[in-house]
Amino acid sequence: MSTLNNGSQRTLIKAERLKKHFPLSSSFFTGKGGEVRAVDGVNLEILEGETLGLVGESGCGKSTLGRTILQLHKPTEGSVKFEDQDLVTMEGSELRRMRSHMQIVFQDPYSSLNPRMTVREIVGEPLEIHNVAHGKARKERVNELLERVGLNPQMASRYPHEFSGGQRQRIGVARALALNPSFIVADEPISALDVSIQAQVVNLLLDLQKELNLTYLFITHDLSMVRYICDRVAVMYLGKIVELGSVDEIYENPQHPYTQALLSAVPVPDPLVEERRQRIILEGDVPSPAHPPAGCNFNTRCPLAFDRCMKTDPELKELLPGHQVACYAVEESIRSQL
Amino acid sequence: MTDYILDVKDLATRFHTDSGIVNAVNGISYTLEESETLGIVGESGCGKSVHALSLMRLIPIPPGEIYQGEVLYKDKDLLKEQDNEMRRIRGGEIAMIFQDPMTSLNPVMTIGKQITEALHLHTGMDDLAARERAAEMLDLVGIPEAKQRLDSFPHEFSGGMRQRAMIAMALSCSPSILIADEPTTALDVTIQAQIIDLIRRLRDKLGMAIIWITHDLGIMAGLAEKLNVMYAGYIVEKAPVKQLYGDPRHPYTLGLLKSLPRVDQRKAGERLIPIDGRPPDLLGLPKGCPFESRCSYAIDRCKKENPALELVDTDHEIACWVDVKTGKPREVVA
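So the protein sequences, as listed, match chains A and B. One point on numbering: in the working numbering, the residue at position 182 of the first sequence is 182, and numbering is uninterrupted. One point on numbering: in the working numbering, the residue at position 6 of the second sequence is 6, and numbering is uninterrupted.
If we strip away everything but chain B, and leave its shape as in the complex, we get:
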């Protein structure tokens, strides 16, 4: 039973705001194996980032509230851990990197100080050892003259170097899980390629598991082993990566892939097929399937009942009443 390094069960997070309750994450479950890379894909407001902050217990409470579920890490429920134990796990065993390295680094502290701070806290290394280790990490992420750069401030680094420094910091305590929340979105495409290449090499070398959160289906194709597609706070499709791109079964995933231009091919006169409409308001989710109003496959049942995830193939689950291949109601696979 303990094959999984992380087992998320029915996790749900909401925010109490002046205009009402925002249902950001609405009961999601998935598992992560050791050294595995899992992609979580979705558009703005689908709950992908809130879900990651919930795992780490970084949701501000109030207005936030994790009102349901379990996050089992090495058989302990992170949602029930003491605060000081959580502080030990956070950054030590589960590390996180964010989209914008400028706002997530402390601008008035040197890069070296920020890395050694984590090392002091999590490993109890002394100053000299921590500085040695910090330089080693900067070198590992490809920052030239690492020893000297320890004394630089974040503003003296370019965007790509800051993201490298943040990766060095996250990996300095050898975490077993790295949560990467859109770490390349703010970067240019050639720098993005550098960072992805770096993370891939570090993963193979250090063997940590990765949860990579992104809106970019392109990035995940070459990086993840399996994918969860999120929409309006739900996981609507789960599949191994080749299966998801080669045989998408949820109308939303299908729509996303059709609306996406590809740099490597285009047939003359071919147009992109957009998904009509826009995502539902999380303040008042519909009773039925949240994608129903934009879905070209929708049937009567979709308005009334929200489908749960069901297995349609090996390791392939979708939350949909319809079989996109026939356009007819799906025969439930027993």
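Just chain A, with the same shape it has in the complex:
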């Protein structure tokens, strides 16, 4: 785990006012279409060498945000800069060149590897597409990558089905590393794995980060894991980031009522702790991102909501040092304490 040297770290990725809306197919009867606001105005900086955790529940837009940053989805609005170069305006070969710096590891190691390709072909494919290594050089590079992720290069001629879930995820990591990227979006990379295997893959990712100076955006719903591997964490709800800060700060001192409920809902594997724990049980379900409520997105479930929250949407603001929160109630309570 890399340590944060306050402020002196370079910004690698900068997303501003980023939006991704998916159109709903218009209905023949009503003629109305509408749209799903998967990502709805996100400002986010990712610092070089850090692991930024992006957490939230299903449908909150965390995967879409990761993919929109990588330009795997074209943003509806806003900008994404990679080392000060705007990715949104790039096209064709220019964007493809940038892709060698930014890679993704997917959730499902069963469906993200082509079953008809050998491991050598899968890991070597990025080298082929980007025309960087051929023949013997490519073979050597693939062997090196497999060794790096803890797989025996002699298994390179096998097919994905011959590997276990944990090993497949290692293959996915090797493929992502093939072009020496500096930034990797890890989209729920361990969710499909058994508990005893998860720690193997997580430790691999941490070791690789140290050796290769990688920057990670780690997308997950597993809040316990984030505490172990991330430097900072962003909490997402219904297309927006509601709280952002260092992992220790967010976990020890959560401010947003959603973050508080989320953290209190995670069970702790210790009966003595569970006996004393107070859970905040949220009422109801997450509203549909096609019809978000007016005002703050969280107002339908929020225990603190007051009239202002029904009208306007709070912005993400630094309310405590290095700790950003998007909540009127928190803002007022902190202000009243000053």
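Don't read these hints as lab results, they were simulated from the structure. Treat the hints with caution; some may be incorrect.
What the hints assert, rightly or not - Heads up, incomplete: computed chain A residues facing chain B, CB under 10 Å, no partners named:
{"#": "1", "residue": "I197"}
{"#": "2", "residue": "V201"}
{"#": "3", "residue": "L223"}
{"#": "4", "residue": "R227"}
{"#": "5", "residue": "E275"}
What the hints assert, rightly or not - Ranges between beta-carbon positions, derived for each pair:
{"#": "6", "chain 1": "A", "residue 1": "E91", "chain 2": "B", "residue 2": "I61", "range": "57 to 67 Å"}
{"#": "7", "chain 1": "B", "residue 1": "P107", "chain 2": "A", "residue 2": "R158", "range": "31 to 41 Å"}
{"#": "8", "chain 1": "B", "residue 1": "I61", "chain 2": "A", "residue 2": "I129", "range": "15 to 25 Å"}
{"#": "9", "chain 1": "B", "residue 1": "E331", "chain 2": "A", "residue 2": "R116", "range": "52 to 62 Å"}
{"#": "10", "chain 1": "B", "residue 1": "I61", "chain 2": "A", "residue 2": "D108", "range": "49 to 59 Å"}
Stated by the list, open to error - Below are the DSS-like pairs computed for lysine-lysine, each with C-alpha atoms no more than 27 Å apart in a straight line:
{"#": "11", "chain 1": "A", "residue 1": "K14", "chain 2": "A", "residue 2": "K317"}
{"#": "12", "chain 1": "B", "residue 1": "K74", "chain 2": "B", "residue 2": "K9"}
{"#": "13", "chain 1": "B", "residue 1": "K74", "chain 2": "A", "residue 2": "K210"}
{"#": "14", "chain 1": "A", "residue 1": "K210", "chain 2": "B", "residue 2": "K325"}
C-beta atoms are modelled at their ideal positions from N, C-alpha and C, and glycine is treated no differently.
We have chain A already, so just place chain B on it with the hints.
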């Protein structure tokens, strides 16, 4: 002798497949007391779900085969019951809820119809009474406007509401045992907290016993009274919940707890300790202990003989030749 509502003895289930015999459950025994919550914890393929389906005689035969054991429920062996008697018990006296509420509810039948169907079958209530009872159950599990929602179809419910509807259905006939097979795994963590809170309240109110099957040691800590840890079709550790987390004695349980991150604490620079390797292939289990190849405590004997469960403390049993505290062969407690 009849303190137990369920007494499982040496239950074993295997599947005959094209590639050979899959040994899913390999002789497990345990007891369940009235109103007790028992957790069964293990990873994919450890046999926890197959064991539950075996109790309910829901294993497809063939390819499945329950080839050994007894399941004593109120002194009757469920494995020997007639099919029609089993149908009466299933859903009526022993109910089950599953992981995925979307695939276990009938998509073309209203929620109300699905609940009343069970009531007709098991209690012989007439239409009006059954509908009344169904609405009452939906209300009990916290579905707003329960009467109107009886006419909704499953796709009109969210994931959390579907799981609530399934719980309402399972509990509508007042079962004495509820088998819950990963009922919250498909749900988000805040919805999971709602459902666990609900089941806990219903348990205290209705007094049924629960067998909760899960891979999540976190959930069980606040819910179960005792736990069975399964590995490769065997129960490898059995203990009251505080004992299991506070003083785990089987290397697998110990490994699981060390590889698990905790949301409530972390020491700076602390890393998770994974369990190396992966579970054995159930097609050809090793002769010795199934955990031997991944176990850092393994001794020569572990390769040759598979240890049986033995008592190491009050109500605490493990299947292991080694004492994890000393790393030496265990002195057998007489």
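Cross-check of the supplied hints:
Annotation: A/I197 was flagged as interfacial toward chain B, and the flag holds, the nearest CB pair being 7 Å apart, inside 10 Å. For the restraint placing A/V201 at the interface with chain B, the shortest Cβ-Cβ distance is roughly 8 Å, inside the 10 Å limit, so the hint holds. Hint status for A/L223 relative to chain B: holds, with the closest Cβ pair at about 5 Å, below 10 Å. Hint on A/R227 holds. Least Cβ distance to chain B is approximately 5 Å, under the 10 Å limit.
A distance limit of 10 Å between C-beta atoms decides the matter here; for A/E275 the minimum to chain B is near 7 Å, and the interface restraint holds. Under the hint 57 to 67 Å, the C-beta atoms of A/E91 and B/I61, about 60 Å apart, fit the expected range. A beta carbon spacing of about 40 Å between B/P107 and A/R158 agrees with the range 31 to 41 Å that was offered as a hint. Between B/I61 and A/I129 the Cβ separation comes to about 50 Å, which falls outside the hinted range of 15 to 25 Å.
Checked against the hint of 52 to 62 Å, the pair B/E331 and A/R116 passes, with Cβ atoms roughly 56 Å apart. Checked against the hint of 49 to 59 Å, the pair B/I61 and A/D108 fails, with Cβ atoms roughly 32 Å apart. Of the supplied pair hints, the one linking A/K14 and A/K317 holds, its CA atoms being roughly 16 Å apart against a limit of 27 Å. Between B/K74 and B/K9 the CA atoms are separated by roughly 14 Å; this keeps the pair inside 27 Å, and the hint holds.
A C-alpha spacing of about 60 Å is found between B/K74 and A/K210, which places the hinted pair above 27 Å, so the restraint is violated. Straight-line distance between C-alpha atoms of A/K210 and B/K325 comes to about 34 Å, which puts the hinted pair past the 27 Å bound.
Of the hints listed earlier, those the structure fails to meet are numbers 8, 10, 13, 14, in rising order.
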